[in-house]
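Asks: Below are the chains, spelled out letter by letter.
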Amino acid sequence: MLAFVLTLVLLLGIVIVLAYAERKVAAFMQDRLGPTEAGPYGSLQAVLDVLKLLQKEDIVPAAADKNLFKLAPVLIFAAVFAGFAVIPFTPSLVPAGIGIGVFYLLAIISLDVVGLLMAGWGSNNKYAMLGAMRSVAQIVSYEVPAGLAILSAVMICQSLDFQEISYQQGALINQFPGQEYEMNWLFGIKALGINTTLVGGITTWNIFRAPLLLVSFVIYFIASLAESNRAPFDIPEAESELVAGFHVEYSGFRFAVLFLAEYSMMVLVSLVAVVLFLGSWNTPLPNIGPVSLAYWTSGTVGEWSSILWGGFWLLSKTFVLLFLQLQIRWTYPRLRVDQLMHLCWKVLTPLALAVVLGAGIWRLLMV
Amino acid sequence: MEQKAIKHTSGFWFAIKSLLSGLALTWRHFRKARNRRTPEYVTDDNYFKQPDGLVTLTYPYEALPVPDNGRYRLHNEIDDCIVCDLCAKICPVNCITIESVKATEEIGTTSDGTKKRLYAPVFDIDLAQCCYCGLCTTVCPTDCLTMTPVYDFAEVDIKNMVYHFTDLTPEQAEEKKQLLARQQEEMAAAKAVALAARKQG
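Line by line, the protein sequences are chains G and B. Residue 7 is where the first sequence starts when you use my numbering, and the numbers rise one by one after that. Residue 185 is where the second sequence starts when you use my numbering, and the numbers rise one by one after that.
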C-alpha cells in the first residue's frame, strides 16, 4: 500500500513537471515564451490544465459501446502504472522486488494495446478506430526491437530482476544477496585484467561495461519513443488526418487519464532505459584511488543517504532522457506509416537480433 | 547564375549526421532562450539586431511601438465636421451612419474656416465592420475624420464596437429638429402670405 501511494505521488509529480517542461521546452526551441500567466513563469499551468479537464462535461457518445468506452482509459492507465511496480527507485526501495521484473514489465505493458483497441472500438467512430489500429500496429511492432534490446541487456546481466541489474552497475555490487563474489571488468572483458568492481561509477554502467549495449540502448530508445506514441512516431495522434487518433471521442477526466497514461509511459520507458543501460540509481562518478567519489555519492545501503542519493541519480538521469524525448519531438518531422514500419522491421529488428547475438558472445568474454 | 546539380546524399552516416545536426539546432535555440526580444521602435538601431533568443512579447504588458502615423481606429472630430455625408457615401462597407438636421442659422466655423450649417444627431461608425481602407479620411473636406494609431480596442460586446461621435444629446437633437420645423413652417406661412398677396395684386 505504501509502495502504491509512493509510486503514484512520484508519478504524478513527475508528470506535472513533465507537462510543464514540455510546454516551456517546446516554446524555447521555437523561440517563443510559453506559459507565463499562471503562477511564476507559468509554472501552475499544468495544474490548472488538470483542474480545467476535471470540470469538463463527461461525454459518452450515444452510439458508443459504453462499457468498453468507460473501461478503456482505466485499463490503459492501469497497465502503464502497474509497470512502475518493479522499478527500483533506490538501493533499498523498490515497490515490488520480484525476480522476474523485466519479464513482468514487458508483459504488463503489452496490456496497453488491449486498452487502446477497446478505446478505438468502443468509441464507434471510424477515426478513433483507425487511430487505434495505427497505434496498436505501431506498438506491437516496436515491442519486438525494444524487447530484443532489453533481452541483450538481460543476457549481459544474467538476471530478470531490475534491482539485481541495478546493483551490478555500480560499486555496491557485492552488497546484493547472491552477488557477493561477482566482479566487474573493464568493458566486461576479463582477459584485459582490469578489475573495476570497486571503481564503480560510469565504468560499470551497462553501456560501458559492455559497449555493445550502447547500440541496444539506442535501439531501445528509438523503439520506446514509438511505444509511448511520441514524435517522430506520433502517427496515431495524426491531428491532421485522424483528428487526434483513438482518443478523439474522450472528454474531461477520461481524456485526462489517457493523457496521464501517455506521459506515464514516457516516464516509464525512460526509467527502464536508465535502469537497464545507464546505471540505474548508481552514481556516474567513479572511485579514483583514495578519492572514493562513488562511495561518497552513493550513501549507505538501507539508510536515508542511499535513498536520497539513489533517488537523485535515478531521477536526474531520467529527466535527461525525458528532455531528449521532448527535444526530439520538436526537432524531427513525423514519419509516414510505411517509413515507420520499414524502420521497425527492416532496420531495428535485424540490428537488435545482431546485438542479441553479439551480447551472447560478449557474455562469454565476461566469465 | 550557373546552376549546379544538387547531389542527393544518403546513407547511414549521412542520416546520423543530419539527425545530430537537427538536435544541435534545437539545442542552440533552447540555449539562447535566455535572450529576449525587447520592444523597440522601428527606427531604433537595435531593431534588427536581435537575431537570437525569444521573439515573442507578453503582449498586454509589452508591445512593439506603432508609428505615430499608424492608421487604425477611426476618429471623428465632431467640432470640425460639416456633416457633408461624403464619408458615408464612399464607405465600401457602409459602416458609417449619418443623419443630419439643418440648423436654423449658421452654427459656427470649423478650424479651417468652413461654415457649419448642419447638426449631426447621429454620427455612428461601426468599427466592427470597418475595413480600414481609409477612403473616408481622404474624401473628408475638413479633415475631421482621421485614422489614429490606436489598434487595441477589442470589446467583449460587439455592440460596443459602434462608436457614437455626435455631440448632441437626444433631447438637444429633438429640440433642433423642432426649431427647424418651426422655421420651415414660418417660412411656408410667409411664402403663402406672399403668394396670396401676389394673386390679389
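Keep in mind the hints are simulated off the structure, nothing from the lab. In this text, all values refer to a predicted model and were calculated from it rather than measured experimentally. The reader is advised that the hints may include incorrect statements.
[What the hints assert, rightly or not] Dumping the calculated SDA-like pairs for lysine to any residue here, alpha-carbon to alpha-carbon at most 20 Å:
#, chain 1, residue 1, chain 2, residue 2
1, B, Lys343, B, His259
2, B, Lys201, G, Leu349
3, B, Lys201, G, Leu330
[Stated by the list, open to error] The calculated label-pair distances, taken between Cβ atoms and stated as ranges, are:
#, chain 1, residue 1, chain 2, residue 2, range
4, G, Lys352, B, Trp211, 39 to 45 Å
5, B, Trp197, G, Lys132, 16 to 22 Å
6, B, Tyr243, G, Leu363, 38 to 44 Å
7, G, Lys62, B, Glu224, 38 to 44 Å
[Unchecked claim] Residues from chain B shown here face chain G by an in silico Cβ test under 10 Å; the list is partial:
#, residue
8, Arg221
9, Lys233
10, Asp236
11, Leu241
Glycine included, every Cβ here is placed at the ideal spot set by N, Cα and C.
Asks: Run every hint past the structure and note whether it holds.
Replies: To see whether the hints hold, each was checked on the structure:
1. At roughly 17 Å between alpha-carbon atoms, Lys343(B) and His259(B) fall within 20 Å of each other, so this suggested pair holds.
2. About 17 Å separates the Cα atoms of Lys201(B) and Leu349(G), which keeps this hinted pair within 20 Å; it holds.
3. Annotation: proposed proximity of Lys201(B) to Leu330(G) holds, straight-line Cα distance about 17 Å (limit 20 Å).
4. The supplied range of 39 to 45 Å is broken by Lys352(G) and Trp211(B), whose beta-carbon atoms lie about 30 Å from each other.
5. For Trp197(B) and Lys132(G), the hinted distance range of 16 to 22 Å is not satisfied, since their beta carbons lie about 42 Å from each other.
6. The given range of 38 to 44 Å is broken by Tyr243(B) and Leu363(G), whose C-beta atoms sit roughly 59 Å from each other.
7. Distance hint check: the CB atoms of Lys62(G) and Glu224(B) are about 42 Å apart, consistent with the given range 38 to 44 Å.
8. With a cut of 10 Å, the hint placing Arg221(B) at the interface with chain G holds, because the nearest CB-to-CB distance is about 9 Å.
9. Taken as an interface hint, Lys233(B) does not check out: its beta carbon lies about 16 Å from the nearest beta carbon of chain G, beyond 10 Å.
10. Restraint check, Asp236(B) versus chain G: the minimum CB separation of about 8 Å is within 10 Å; hint holds.
11. Taken as an interface hint, Leu241(B) checks out: its beta carbon lies about 8 Å from the nearest beta carbon of chain G, inside 10 Å.
Violated hints for the displayed structure, listed by number in ascending order: 4, 5, 6 and 9.
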